Amino acid sequence: MRVLLIRHAIAVPRGTPGVPDEKRPLTPEGEERFREAARGLARVVERPAVLLTSPLPRARRTAEIAAKAWGKVRVRNVEALAAGTFEEIASVLASHDPDATVGLVGHEPHLSRLLARLLHARESDRLTFRKGGAALVELTEAPAGGGTLIWFLPPKVLRRIGKASRES
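Here the sequence shown is numbered in this note's numbering, starting from 3 and rising by one per residue.
Please keep in mind that the hints were generated in silico from the structure rather than gathered at the bench. Source: prediction; values computed, not measured. The reader is advised that the hints may include incorrect statements.
Claimed, not checked - In the BS3-like style, the derived pairs of lysine-lysine whose C-alpha atoms are separated by at most 25 Å in a straight line are:
#, residue 1, residue 2
1, Lys133, Lys70
2, Lys133, Lys74
3, Lys165, Lys74
4, Lys133, Lys25
What the hints assert, rightly or not - Across the chosen pairs, the derived CB separations fall in these ranges:
#, residue 1, residue 2, range
5, Gly20, Gly148, 42 to 50 Å
6, Pro30, Ser93, 14 to 22 Å
7, Arg45, Pro15, 26 to 34 Å
8, Gly20, Ser126, 31 to 39 Å
9, Thr18, Gly148, 38 to 46 Å
10, Pro15, Pro57, 31 to 39 Å
11, Lys70, Glu169, 14 to 22 Å
12, Glu89, Ile152, 18 to 26 Å
13, Val21, Arg49, 28 to 36 Å
14, Arg78, Thr130, 24 to 32 Å
15, Arg162, Ala123, 25 to 33 Å
Ideal placement from N, C-alpha and C gives every residue a C-beta, glycine not left out.
Given the sequences, and given the hints that come with them, work out the whole structure.
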């Protein structure tokens, strides 16, 4: 199984008056920048069988933008991606075809902790995702660790790839 991890794009700042954290949407700039990054993602990784997303609006919208870049990708809310345990997420992954690519859209620091566990690394050694950044992991066995990191890309690089794909 290949697991694509994506951090949500730029959202309105935490603490914005009248906008509780669980309702924060993407900013217009966040949507625009991630659209370009999503085009880059569509160039560097095959279309996922499904995009599983935190149900929070900023993650859900990020997943919808990514799905559109690939075309015809189902987006499904998974509560565990908002604040669940590794075991809950591993159980969700285990329910999918072991030959599939499964996308996960979530939040920091949850996403970097998940990546560390998938790679069987210490949490203190984890890689931190920038907003709109992504990583691809190859799992050869159950998602309990021992995965191989294929790539870890910041959003700036994904946007460059997306822009280059439009120009070619």
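Hint by hint, which ones does this structure get wrong, listed from lowest number up?
Going through the list in order, the structure violates hints 6 and 10 and respects the others.
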